[in-house]
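Colleague: Since the structure of chain A is provided, determine the placement of chain B on it from the hints.
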Amino acid sequence: MQIIENNKIQEKVYTKKLQNGLTVMVIPKKTQKKYIIWGVKYGSIDFHFAIDGNEITVPDGIAHYMEHKLFEQSNGTNSLDVLTSIGVNANAYTTNNHTAYLFEDSNDKFFDALPEYMNYIQNPYFTDENVEKERGIIEQEIMMYDDYPDWKIYMNAMKAMYHNNPINIDVAGTKETIAEITKEKLQDAYHSFYRPENMVIVICGDFEPEKIVQEIAGKVTLQNLEQKVQRLYPEEPDEIVQPRIEAEMNITRPLFMIGYKDSVACENQIKKELAIDVIFNLLIGDSSTLYQDLYEQELLQSQPTLIYENSDTYSHLLIQGQSQKYDEVITKINEAIETLKQTGIKQEEFDRMKKKLYGEYVKSYNDAESIATSFLQNYFRKINPLDYFEEFDGITKEYTMQILKEVFDPQKQIVSIVKSKQ
Amino acid sequence: MEKKEKEIKQGIKLHLIKTDLFKTDMMSVILTTPLTRENVTKNALIVSMLRRGTANLKTQVEISKKLENLYGAGFECGVDKYGDNQLLRFYIDSINDQFAFDQNEEILKNALTILLEIVCNPLLENGKFKKEYLDVEKENLARIIESKIDDKDLYAYENCISNMYGDQGFGLYKYGYLEDLEAINVDNLTEHYHNLIQNSKLDIFVSGNFDESKVEKIVCENENIQKLKPRIENYVLNNEMTEDKPKVENVKEVIEQTDVVQGKLVMGLDVASKCEKVQFKAMLYNILLGSSANSLLFQNVREKASLAYSIKSVYVKQKANIFIRAGIEIANFEKAVDLIKKQLEMMKNGEFSDADLVAAKEYVKAGINAIETEQDTGIIYYIGQEISKTNTTLDDYRKNIDAVTKQDIIEIANNAQLNTIYFLKN
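Protein chains in written order, with this note's numbering: chain A, 1 to 422; chain B, 1 to 426.
Isolated chain A, as found in the complex:
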């Protein structure tokens, strides 16, 4: 078992790769809460693949549909209900690039719930009837998202940025695509991707790492496929699709999003992410002149937020905010970026931002759920979150300036707007 320790924040992570390729990570924490999350590297972008060279395309939204259906058991029970009855809080979610099944225990019921949890993820039970039943529920979920302006602006940004990468399609699919999902298609997708080598389990709580890993290992029954499964992603050009995309919704406060399409290849992802965080804070953080000016001029009411997402196939950063006069705000942000490129960063500001970010990373180790989720999501990016603390010393003003010039490229910028409907 591999142990990585960080003395600054007094945390350790134990990692064991089981013989079948499934990775188990344990972050011990002396708290009443126990959290387990099981991630499958299978998300909405994985709908086109080849098994031993035979190409298969499944309908959009199938990974998410599977997440809903996996709880169904052959004995007629639903594992979500069973786990809830045991007294743990179970859930699941699907993203672009992974699906995750989890439960949280604060009642000392962890080991009561574990067998059911391990069982349902590894034993799907799809029938024509139960697949059909879910369609109405998922349709309502899709419609719920249709009323969320935040979702609209994000999806539109993806459409403006990506020509071919399937991140530009909705995680849940559409009413039309989910209509094509059948028991057989779910089975195919399950057998292709729900394999130990595609999976990681992360556990946080009051555990003895050796013991819990052994317990988990004893309950893993899934096998790797003999056939070779290859994910097929379309070529994605470096260029954006269109610089601007707009939508209208019945909202009073228009939303804006500035996005930069970024190159996927990167030497040190953590350093880059830290540098982007520093730039964002310098640019439009609480203490920035730009934010204060925009606030005083009543152009912004609250600080915009930064989202940085990247995987093997996509990478972008997004700045999202709310303003009646969004175009004025975007112009000012663009001016400030160019000015920062010219004038450079002051040492005092740089140090203050690093201190701020350090504090924020320390804070993220407060809670079993956020710790486990962070290790899981970063695992799929091949990152160990504890390394953030090590890389802090390595980011310099010069490096940050280099990232500023590379990433904040006007040619790669898109703007997504959700206006108020007149």
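Incorrect hints may appear among the rest.
[To be verified] Derived lysine-lysine pairs resembling DSSO-like cross-links, with alpha carbons at most 30 Å apart: (1) A:Lys325 x B:Lys130; (2) A:Lys341 x B:Lys66; (3) A:Lys109 x B:Lys18; (4) A:Lys12 x A:Lys271; (5) A:Lys133 x B:Lys342; (6) A:Lys355 x B:Lys214; (7) A:Lys332 x B:Lys131; (8) A:Lys271 x B:Lys66; (9) A:Lys355 x B:Lys58; (10) A:Lys175 x B:Lys341; (11) A:Lys8 x B:Lys130; (12) A:Lys211 x B:Lys4; (13) A:Lys183 x B:Lys304; (14) B:Lys214 x A:Lys8; (15) A:Lys109 x B:Lys304; (16) B:Lys138 x A:Lys419; (17) A:Lys30 x A:Lys419; (18) B:Lys65 x A:Lys397; (19) A:Lys16 x A:Lys211; (20) A:Lys355 x B:Lys66; (21) B:Lys109 x A:Lys355; (22) A:Lys325 x B:Lys148; (23) A:Lys133 x B:Lys341; (24) A:Lys332 x B:Lys277; (25) A:Lys175 x B:Lys335; (26) B:Lys109 x A:Lys346; (27) B:Lys365 x A:Lys219; (28) B:Lys312 x A:Lys152; (29) A:Lys30 x B:Lys214; (30) B:Lys18 x A:Lys30; (31) B:Lys174 x A:Lys152; (32) A:Lys30 x B:Lys399; (33) B:Lys425 x B:Lys245; (34) A:Lys325 x B:Lys174; (35) B:Lys201 x B:Lys389; (36) A:Lys30 x B:Lys4.
The hints are simulated quantities; they were obtained by calculation from the structure and are not laboratory data.
Since we're looking at a predicted model, the values are computed, not measured.
Modeller: For chain B alone, kept in the frame of chain A given last:
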């Protein structure tokens, strides 16, 4: 976890929650005042004005830089509705001193001092709030009030409440009203602030790993605290016994239209029972009805009838209400209402198993444990106890939950009456 409290002056209390579970210290100042149409908008505005600057840190930039240097200590403020009261909340969370680069930085002390300064020693010019700031904040608040409609789920929920309670107390919108903004100026707002800070119930919470006597000393010796006068607390005591729930003759049905893809349904129920320990029983009733994945609403409206993705019920103990909230296809309105009503009947008939009740108890107990394992949940629990003048220890809380029987739940079900059905559609 250990909880201690100390009355610093009449009406001003310090609460210390000592715990070594977190890497952060969380501190909060909470002012509690009755919700009235006259003051609700002013109070919301005061929260915005206070974060603009203090006598010593004159701008938001100065405050932000200070906090950034304290390892990104996070400041937040806001207003909340708690029964018929409005809470004005100010929070800072900062990393514990042991994680500082230099052990002499005194993060907790500095953060606490800034927090008290923000609440008690605002930036005033010639004894009044700055007009330029007020103009901006009035505009900002106007935008917040207008944007109520942007979150359709919440909008429907708020509208159901205001239809049930009208223009007073719990029926009011916590951010106030556009038409009341105009009359607010630096004179009447400054006067209102002084009145609020000298007369409201004021609670200070500090949660984290610290030396209690040291924190007590920091607070008691703080000059902003010393300037405050003792006060007679003035707020509305709400709990499950204070609320009168007359028999509903006709269920009110309100249908409103706006531009939505999905219809938003809210059904408000009165819990009319005044039996002993009703809150614990009603809490479990609510979970069996619609709070957990095993609940009747989730199972029968979502899983079996596929009518909704999102459906849940929430219990508002201060007002003895339960609200059922669902996102449904607009054409399915009547079908959904009928099916939900059927679930209410099933509860009355006790159509749930003993195992369901046991599971519901576990569900509540997981929530009780969260009071210790989540720093903000701890503070929210104890301010709730403080305002409702109860002192339920976590152990008592668990025991009370364990003691609830199936018969108790049926009793609640038979005293839970539908008051209002609200539907937001296209």
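Colleague: Can the restraint linking A:Lys355 and B:Lys66 be considered satisfied, given a maximum Cα separation of 30 Å?
Modeller: holds, 11 Å
Colleague: Between A:Lys8 and B:Lys130, does the CA-CA distance stay at or below 30 Å?
Modeller: violated, 44 Å
Colleague: Would the hint linking A:Lys183 and B:Lys304 be met if the CA-CA limit is 30 Å?
Modeller: holds, 19 Å
Colleague: Quickly compare the C-alpha distance for B:Lys18 and A:Lys30 to 30 Å and report which way the hint goes.
Modeller: holds, 16 Å
Colleague: Given the proposed pairing of A:Lys332 with B:Lys277, does the C-alpha separation stay at or below 30 Å?
Modeller: violated, 58 Å
Colleague: Under the criterion that the straight-line Cα-Cα distance not exceed 30 Å, is the pair A:Lys30, B:Lys214 satisfied?
Modeller: holds, 26 Å
Colleague: For the pair supplied as a hint, A:Lys109 and B:Lys18, is the alpha-carbon distance within the 30 Å limit?
Modeller: Given pair A:Lys109, B:Lys18 holds - Cα atoms ~26 Å apart, limit 30 Å.
Colleague: Below or equal to 30 Å on CA atoms is what counts here, so check B:Lys109 against A:Lys355.
Modeller: holds, 18 Å
Colleague: Hint check: A:Lys325 vs B:Lys130, CA-CA at most 30 Å. Holds or violated?
Modeller: holds, 25 Å
Colleague: Within 30 Å, alpha carbon to alpha carbon, are A:Lys355 and B:Lys58?
Modeller: holds, 23 Å
Colleague: Decide if the proposed pair is consistent with the structure: B:Lys214 and A:Lys8, CA atoms, cutoff 30 Å inclusive.
Modeller: holds, 25 Å
Colleague: Taking only the CA atoms, is the gap from B:Lys138 to A:Lys419 under or equal to 30 Å?
Modeller: Status holds; Cα separation ~23 Å.
Hint violations for this structure: numbers 11, 12, 17 and 24, all remaining hints satisfied.
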